[in-house]
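These protein sequence lines map, in sequence, to chains P and Y.
Residue 11 is where the first sequence starts when you use my numbering, and the numbers rise one by one after that.
Residue 11 is where the second sequence starts when you use my numbering, and the numbers rise one by one after that.
One or more hints might be untrue.
Note: identical chains are not told apart, hence a pair may lie in one copy or across any two.
[Unchecked claim] Here are the computed lysine to any residue pairs in the SDA-like style, where the Cα-Cα straight-line distance is at most 20 Å:
hint, residue 1, residue 2
1, 35, 329
2, 406, 369
3, 35, 366
4, 226, 199
5, 259, 36
6, 399, 224
Just so you know, these hints were derived from the structure itself, not from any lab.
2 protein chains.
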Amino acid sequence: MRKIAVLGYGTVGSGVVAVLDKSRKEVARKLGDQVEVQAVLDLRDFPNDPIQEKIVHDFQAILDNPEIEVVAEVMGGLHPAFEYTSQALAAGKHVVTSNKELVEAKGAELAEIARAHGVSFLFEASVGGGIPILRTINTALIQEEIYRITGILNGTTNYILELMENAGASFEEALADAQARGYAERNPEADIEGFDASRKIAILGSMISGKHVGFKDVPTRGISQVTIEDIEAALAMNGRIKLIASCQKEDDQFYASVEPMFVPGENMLASVNSVYNAVMLKSSMLVDTLYYGKGAGKLATASAVVADILAALNGNGIYEMNVWSGEKKVPENPAVRPNRYLIRCEGPEVNEVLLEEVIHCGAGWTAMTLEITQEQLQAVTDKINQQAKVCSVFRKIEE
Amino acid sequence: MRKIAVLGYGTVGSGVVAVLDKSRKEVARKLGDQVEVQAVLDLRDFPNDPIQEKIVHDFQAILDNPEIEVVAEVMGGLHPAFEYTSQALAAGKHVVTSNKELVEAKGAELAEIARAHGVSFLFEASVGGGIPILRTINTALIQEEIYRITGILNGTTNYILELMENAGASFEEALADAQARGYAERNPEADIEGFDASRKIAILGSMISGKHVGFKDVPTRGISQVTIEDIEAALAMNGRIKLIASCQKEDDQFYASVEPMFVPGENMLASVNSVYNAVMLKSSMLVDTLYYGKGAGKLATASAVVADILAALNGNGIYEMNVWSGEKKVPENPAVRPNRYLIRCEGPEVNEVLLEEVIHCGAGWTAMTLEITQEQLQAVTDKINQQAKVCSVFRKIEE
């Protein structure tokens, strides 16, 4: 019998307990042993739930129990998650977490404590829980050099943009719908303004760069300024507006951003619907691979946590673990490189050699530029604004 | 220094040697040791290649070398691949292979020999080399129950169908183009008639059913009868014709097939282009996940073989390994269950209550049925054939 503890009996914590119970047979077959939840830390009591007999209110009870091999930190927030995690690792216990805030801010330090104590610190569920992307990168793609990661990493915003397209809804209407369905929080800022996605791409960027990428250093723009006219302009150009998180290594440079981008219809990312997420990798030998699944959700997140628990228990967690240095890596904005841009305008059409394609759209027109620098983009928009009006500019996804 | 041997210095074998060389740094970092190719078995000599100093002509030299821990079987064909593999496993060496013929026919027996000798038998590269699907199923998805696998598993046929759509080409023209580009063999039957895909879905089916699924028992239909009119009919219904391989567990039944199917445009599989492949899983907690990448190609296949070599060397291969019983599992044809069908017809439109949607298309018309049984399908086509002519029928993909 292998014993674990769960910190937090909220949505994810109760999901982890449920998943372990539901997959008892599969787990026993693979691990050659049962996994028992020995203790669940929570401030609350759950008198009507069988879990009550496992509830503890004091972390020390878990820390001091030598039988507990793995701690699943699913409380969220930075403190005391950081303190509990570092203490557990230093006590020789593996820690698995779904807490992107913890991983983004403290991942380097915690992985180093884990490494020094011969245990693992795993966090699949912190980045797109329903897509086993971290495990894939750390086991199947060891021999690959990953140059670029491009993804739809936030289900809330993907749902909203899709609803705007399908229903011709405004951003505000679509947000209200998402909130009514529980796909967006009452205070939706973290999702809408792109910070959820930038935390996740910061973690992925740290993994591929080997240094600490802070989410606050990732140029981030959310979807609150995207209009239905923008979406129609993209459709007119045979594509979609998607909130794209990306990071890229090129020569000695490192780039990252979160922004609404124009994604051509033939690109797999254009087909990612509803609350689903997807991560596209460009790597040395496989070239393009894409991984698609639920970004969030109780069972999806819990499933990822359980996969980490099993990897920790079978000993593979230590091998898989991705450790990056605490040295800061500040990404450049990809816009400093030449890019193509979708420009939506009102007023008379303007001729301009840097506009490769111009089409009428609704009450105005939209154009796709050639590959141009930021300076050229400024010159083009200035020229258009002399005779007409630039309403929106979206960078086109790199392919 | 960890030592391995490669059997066969053809496209894949030379790719494996090249990938190990190219990813020397990544491998050393992860494994904590170098990996050296100690011997390469081939009947030929390669006097102008540095590999010549590793070339051996006798398998015994590899079998008897206690330093060699892993054998990469990349020769292809059933014999002597089967003999070499079973001998190597029985001698306590891990074996990794790209040989789907070997795995489909002998996988149960070989995995059992591996298990009995405490070594691993891994075959990521035998099923869609550029998509780490087996490793994902065996490590990230242990806790999931996988109900259904649906995939585009053959790049040759996917390329041909896409070219027919993009260029308005006939099947024969598109096949000739694929052959000219090296995407199809001179004798293209295994790809065109669906047998490559059925071998792969047989392996996947064995993995999820726990019993041996033989590819000859998988109802298989290739693309040689698909016409440009069929493709246009699908487009008119906002979808595509794709060669789909699927297997499914439902209640106590097990289904599998390979056939050209109608895939609605919103389905992620409709967006899989060119020679790329994709595997979509339906599982208990993640619900839908999709994995997309190159199905074949020297570097993609070699990358998968190297990932298996590393898993074997780090000890995780034994844990990952998926062993199915030699007991035969004969799949049912999914058509025995109710399905929806795309029916392309010529002549006058026929009214029929089981046809949910009918649209003009080219010189004829096309219809989408409600969900109907095989008997109902027969009745519908009989009725149409009294007044008009049924040209093609395609089952609609299950979602």
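Checked against the structure, which of the hints given earlier come out wrong?
3 and 6
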